[in-house]
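In order, the protein sequences belong to chains A and B.
Counting from 13, one number per residue, gives the positions in the first sequence under the working numbering.
Counting from 7, one number per residue, gives the positions in the second sequence under the working numbering.
None of these hints come from the bench; they were simulated from the model.
A few of these clues could be false.
To be verified - Dumping the calculated BS3-like pairs for lysine-lysine here, alpha-carbon to alpha-carbon at most 25 Å:
(1) A:Lys-118 / A:Lys-214
(2) B:Lys-10 / B:Lys-411
(3) B:Lys-10 / A:Lys-118
(4) A:Lys-59 / B:Lys-260
(5) A:Lys-264 / A:Lys-217
(6) B:Lys-224 / A:Lys-214
(7) B:Lys-411 / A:Lys-217
(8) B:Lys-411 / A:Lys-18
(9) A:Lys-50 / A:Lys-214
(10) B:Lys-139 / A:Lys-18
(11) A:Lys-181 / A:Lys-300
(12) A:Lys-204 / A:Lys-18
(13) B:Lys-411 / B:Lys-9
(14) B:Lys-139 / A:Lys-239
(15) A:Lys-18 / B:Lys-143
(16) A:Lys-165 / A:Lys-311
(17) A:Lys-239 / A:Lys-204
(18) A:Lys-311 / A:Lys-265
(19) A:Lys-18 / B:Lys-224
(20) B:Lys-260 / A:Lys-18
(21) A:Lys-479 / A:Lys-496
(22) A:Lys-304 / A:Lys-204
(23) A:Lys-217 / A:Lys-75
(24) A:Lys-59 / A:Lys-165
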Amino acid sequence: MSREFKIYFALSIVVFITVILIARLIQLQVVEQKDYGKESERNSIKKITETPARGLIIDRNGKIIVDNRPSYTLTVTPFQFNKNLIPEVAILAGLDTSYVRESLAKAKGTNRFNPVKIKRDIDFKTVSYIEENRERLNGVNYQVESLRNYPNKFSGAHIFGYNAEISEKQLNDSSEDYYRQGDLIGTAGLEKYYEKYLRGEKGSKLISVDVNGREVGPYNDGNNDIKSINGTDLFTSIDSDLQEYAEKLMGKKRGAIIAIDPATGEILCLVSKPDYDLNYFSGTPDFKEISKLFSDPEKPLFNRVTQTRYPPGSTWKMMMALAALASGKITTTSTVSCPGSFTYGNRTFEDHGSYGSINVVRAIEVSSNVFFYKMGLLLGIDNYHNYSELFGFGMRTGIDLPSETRGLLPSQEYFDKVYGKNKWTQGLLVSLGIGQGELGVSPVQMVAYTSAICMNGLYITPHLVRKIYNSSTNQEYPVNFTKKQIDLPVKYFESVKRGMYLVVNGSGTARNIKNSDYILSGKTGTAQNPGGNNHSWFVGFAPFDNPRIAICVLGENAGWGAQFAAPLAAALMVRYLSGNTIDSYNENASTEVYD
Amino acid sequence: MDKKFFEKFDITLFLSVTALIVIGILAIFSATQSSASASDYYLKQTTFAAIGLVMVIIVMYIPPRYISSITIYMYILSIILLILVLVFGKTINGNKSWFYISGFGIQPSEFAKVATVLAIANFFYRSNEETPKIRFKDIILSSLLVIIPVILVKLENDTGTTIVMLSFIIPMFFWANVSPFFLYGLVTPVFAAVLAFIDIRLFYLYIAVILISMFFFKRNFILSGLLIAVNIIAGYSVTFLYSKLQPYQQNRIKAVFDPSSDPLGSGYNVIQSKVAIGSGGIFGKGYLQGSQTQLKFIPEQWTDFIYCMIGEEFGLIGAVLIIILYLIIIYRFLNNAYLSKNSFLSLACIGFASLFFFHMFINIGMTIGITPVIGIPLPLMSNGVSSLLSFLLMVGIGMNTYRNKDIFI
Chain A
13 MSREFKIYFA LSIVVFITVI LIARLIQLQV VEQKDYGKES ERNSIKKITE
63 TPARGLIIDR NGKIIVDNRP SYTLTVTPFQ FNKNLIPEVA ILAGLDTSYV
113 RESLAKAKGT NRFNPVKIKR DIDFKTVSYI EENRERLNGV NYQVESLRNY
163 PNKFSGAHIF GYNAEISEKQ LNDSSEDYYR QGDLIGTAGL EKYYEKYLRG
213 EKGSKLISVD VNGREVGPYN DGNNDIKSIN GTDLFTSIDS DLQEYAEKLM
263 GKKRGAIIAI DPATGEILCL VSKPDYDLNY FSGTPDFKEI SKLFSDPEKP
313 LFNRVTQTRY PPGSTWKMMM ALAALASGKI TTTSTVSCPG SFTYGNRTFE
363 DHGSYGSINV VRAIEVSSNV FFYKMGLLLG IDNYHNYSEL FGFGMRTGID
413 LPSETRGLLP SQEYFDKVYG KNKWTQGLLV SLGIGQGELG VSPVQMVAYT
463 SAICMNGLYI TPHLVRKIYN SSTNQEYPVN FTKKQIDLPV KYFESVKRGM
513 YLVVNGSGTA RNIKNSDYIL SGKTGTAQNP GGNNHSWFVG FAPFDNPRIA
563 ICVLGENAGW GAQFAAPLAA ALMVRYLSGN TIDSYNENAS TEVYD
Chain B
7 MDKKFFEKFD ITLFLSVTAL IVIGILAIFS ATQSSASASD YYLKQTTFAA
57 IGLVMVIIVM YIPPRYISSI TIYMYILSII LLILVLVFGK TINGNKSWFY
107 ISGFGIQPSE FAKVATVLAI ANFFYRSNEE TPKIRFKDII LSSLLVIIPV
157 ILVKLENDTG TTIVMLSFII PMFFWANVSP FFLYGLVTPV FAAVLAFIDI
207 RLFYLYIAVI LISMFFFKRN FILSGLLIAV NIIAGYSVTF LYSKLQPYQQ
257 NRIKAVFDPS SDPLGSGYNV IQSKVAIGSG GIFGKGYLQG SQTQLKFIPE
307 QWTDFIYCMI GEEFGLIGAV LIIILYLIII YRFLNNAYLS KNSFLSLACI
357 GFASLFFFHM FINIGMTIGI TPVIGIPLPL MSNGVSSLLS FLLMVGIGMN
407 TYRNKDIFI
């Protein structure tokens with residue numbers, strides 16, 4: 013082929029395409045000009061995003077515990093908006109002019125005909141004012157949005173969590189193209205964990221607007237509209253009455269309560285105190301209150317059930333008993349001599365009593381420290397770590413709440429790392445044997461462990477949600493949680509449970525909570541806390557023969573286990589078992605027993 | 007000026023380019039005048055247009071031998087920049103193809119287009135010195151020069167530029183005397199795939215046409231059969247792969263070919279831009295008078311959708327004038343390629359002509375709803391420093407080609 017031919021070949025392609033382009037231009041600009049001209053006069057198109065209502069949260073009896081209420085949100089659409097109106101908008105919204113200016117500045121660079129949300133939850137008077145002055149207030153508008161509503165007698169702050177306006181970082185990090193500036197996103201609790209379900213799917217409408225930006229009707233008869241899909245509902249296992257009662261009992265103290273159904277792992281109540289008022293976050297966020305929450309030294313935003321780790325104290329003793337039995341270090345009938353103290357190297361470890369030669373059941377009943385100092389040493393770090401791991405310590409339980417802690421379960425590598433290889437001695441295991449020292453557990457780990465004991469080794473991840481169902485699409489989504497059998501002989505569990513039975517119903521440390529109607533069992537714990545008063549623990553279950561509730565109560569700096577945690581746990585267990593009628597808690601009941 | 011000057015200075019190319027830049031700046035001003043965040047874009051564009059035009063003159067005077075010798079370094083540099091942007095780049099509109107240096111966005115992929123064209127031109131020029139015959143090895147190696155940046159740009163998620171990168175290789179092969187039959191085998195499966203995707207009956211018809219066309223090439227039975235087989239496989243594999251995709255992925259691809267299937271995404275811009283251009287009529291609504299564009303119904307109207315401004319405010323007359331200016335520029339590149347006795351610059355001009363042509367066709371086609379919406383700029387007009395300077399670099403080399411048309415290197 014000659015160069016000339018090639019050039020002509022190329023030119024002919026170029027000219028051919030050019031002719032197509034020009035022909036199309038003539039079609040648009042000459043033949044169909046009238047249609048497009050009209051459309052441009054009257055029918056400029058505006059896109060309106062429809063945000064669906066978030067999914068409901070429902071308790072175990074079908075009662076709605078989180079729903080939505082309609083509210084009005086003041087918006088400003090930048091492309092129609094004249095900046096001279098900023099002061100007036102600020103007055104309308106009850107905000108500083110600088111805040112309004114900032115909100116608009118943040119929206120720069122995004123689509124200028126997307127309305128920017130200035131203030132949520134404005135009152136009806138403001139809405140009517142906007143309507144009356146529509147002509148003058150160009151670009152100022154309002155949207156109907158649904159906001160969270162909590163129709164309960166309890167708070168549930170750490171269960172539900174809250175929604176907040178998406179942050180710039182979240183917007184940038186989000187891998188999917190869904191959120192826009194000003195959108196609400198689940199930021200804590202179930203709202204965060206199940207955000208993908210709860211939020212639903214946004215829809216959009218194309219609306220024809222005239223040259224002045226006034227809406228004149230749907231575009232293309234709404235054929236291009238996408239309907240929003242309402243959020244998916246969460247059916248939780250929360251028992252509203254028990255939750256309310258638990259929050260009441262915890263009162264203004266600091267601590268955590270979690271109770272589950274041992275057969276299913278379903279959480280019946282979950283309390284972390286201090287908590288916060290969810291309404292601070294719904295509607296126009298109350299920034300003053302919120303910043304107080306963030307700087308509060310008592311950390312009310314922290315979920316003490318899942319995010320905090322404490323030394324378990326004596327509630328750890330069942331773990332040691334099971335590990336010692338399972339590893340063959342002792343049998344159910346072995347006896348260990350337990351004088352009032354134990355000396356290892358040049359250190360003496362105290363006990364609160366001298367018990368003579370006792371077996372493992374008796375050791376749990378009286379909460380002998382010496383017995384379990386010896387168990388810690390007998391086990392050695394590897395057994396200690398491996399058996400505890402079987403019961404979920406040192407790892408997340410997988411509860412359906414965000415940011416769960418793993419706790420701290422020491423291992424050979426851990427100590428090698430902290431102290432250096434061969435720079436630490438077995439002596440560390442003495443304290444670890446009674447749940448002190450470098451050991452951290454969360455209340456949710458403790459309740460899962462207690463539940464596994466009372467179910468003879470059936471370990472189920474504690475969880476809040478039992479069903480995820482969208483009523484507008486009729487779609488149900490699967491809920492999956494770990495369920496495993498911890499493979500230890502039943503007789504070991506029986507011995508440990510016997511000990512826990514005697515703690516309450518024998519001469520044990522929690523005999524003050526013995527109940528005539530229901531056989532309660534459990535174990536107290538008093539965790540030494542270098543920073544202040546002891547933490548008060550109780551883990552337990554009831555009824556003894558056919559457990560229907562397993563519970564863990566922790567009171568921060570609340571003293572002995574029997575003093576604070578045990579009576580509270582007992583009251584809750586009885587309340588649940590009796591069908592939610594009895595208020596048996598007496599805060600000032602005498603507690604002569606100690607741990 | 008005397009006649010001799012114009013023998014060395016491609017005044018037609020220079021004036022057309024300047025005209026497009028000036029109209030582009032006017033359009034950017036109109037598109038952004040009522041915008042708070044973008045209202046000074048035209049000033050930036052003007053500054054860089056001035057710098058760019060000076061660069062054109064400088065590039066024109068660089069000895070071709072020197073350009074040839076630095077080509078490989080430009081290419082390596084552009085690859086390094088593409089890798090760096092993948093690691094450190096900023097994501098804008100889903101593409102991770104931007105560097106931000108003190109407020110300036112820089113897109114290395116724009117620069118990579120020029121560098122790659124030059125690298126291929128230089129490659130054929132060097133291999134031509136060894137033997138004028140095109141060997142299979144040459145085709146593989148020169149393809150590799152394109153594939154490396156293509157993969158990097160694709161990793162940046164910049165589909166538009168990826169396709170652009172593939173657009174100039176065939177014309178350059180064609181000009182470099184690669185066998186037309188081979189090129190035919192390279193191009194036809196692409197159309198087969200597209201047609202099979204649109205409508206399987208079109209695909210059958212197409213295969214029949216390919217079959218008949220084999221008689222003109224008069225190749226042997228095996229080669230002809232191979233070419234037909236490749237076409238059939240391309241068609242079927244596309245429909246097969248498409249059926250294996252998730253529905254949302256299918257929708258995304260569908261939206262590229264049929265914007266109205268995605269009225270809120272890419273289709274939204276096309277609906278708006280058609281209204282804007284269509285309502286402009288023959289004479290347009292007048293400068294700064296376009297209601298569609300002034301009301302900002304079209305996002306990105308100062309970059310990828312700048313042609314809407316022209317269509318709405320200057321009407322058919324303005325819109326066609328722009329196309330004619332591009333036609334002149336493309337013609338000048340082809341003409342200079344034809345005149346040049348220097349095979350390196352000649353081949354580069356073919357690559358640049360392809361780039362101008364492809365950008366113009368896809369970009370204008372997209373605004374009037376006849377080509378897929380892939381985000382590529384309108385050469386010399388869209389707001390954006392990287393794109394403007396890259397195209398002006400091409401113009402500079404085009405002018406250089408004209409100036410040195412009688413010199414072998």
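Hints versus structure:
| no. | hint | in the structure |
| --- | --- | --- |
| 1 | A:Lys-118 / A:Lys-214 | holds (22 Å) |
| 2 | B:Lys-10 / B:Lys-411 | holds (14 Å) |
| 3 | B:Lys-10 / A:Lys-118 | violated (58 Å) |
| 4 | A:Lys-59 / B:Lys-260 | holds (21 Å) |
| 5 | A:Lys-264 / A:Lys-217 | violated (49 Å) |
| 6 | B:Lys-224 / A:Lys-214 | violated (59 Å) |
| 7 | B:Lys-411 / A:Lys-217 | violated (59 Å) |
| 8 | B:Lys-411 / A:Lys-18 | holds (18 Å) |
| 9 | A:Lys-50 / A:Lys-214 | violated (31 Å) |
| 10 | B:Lys-139 / A:Lys-18 | holds (18 Å) |
| 11 | A:Lys-181 / A:Lys-300 | holds (22 Å) |
| 12 | A:Lys-204 / A:Lys-18 | violated (63 Å) |
| 13 | B:Lys-411 / B:Lys-9 | holds (16 Å) |
| 14 | B:Lys-139 / A:Lys-239 | violated (62 Å) |
| 15 | A:Lys-18 / B:Lys-143 | holds (24 Å) |
| 16 | A:Lys-165 / A:Lys-311 | holds (23 Å) |
| 17 | A:Lys-239 / A:Lys-204 | holds (24 Å) |
| 18 | A:Lys-311 / A:Lys-265 | holds (13 Å) |
| 19 | A:Lys-18 / B:Lys-224 | holds (20 Å) |
| 20 | B:Lys-260 / A:Lys-18 | violated (35 Å) |
| 21 | A:Lys-479 / A:Lys-496 | holds (20 Å) |
| 22 | A:Lys-304 / A:Lys-204 | holds (22 Å) |
| 23 | A:Lys-217 / A:Lys-75 | violated (34 Å) |
| 24 | A:Lys-59 / A:Lys-165 | violated (41 Å) |
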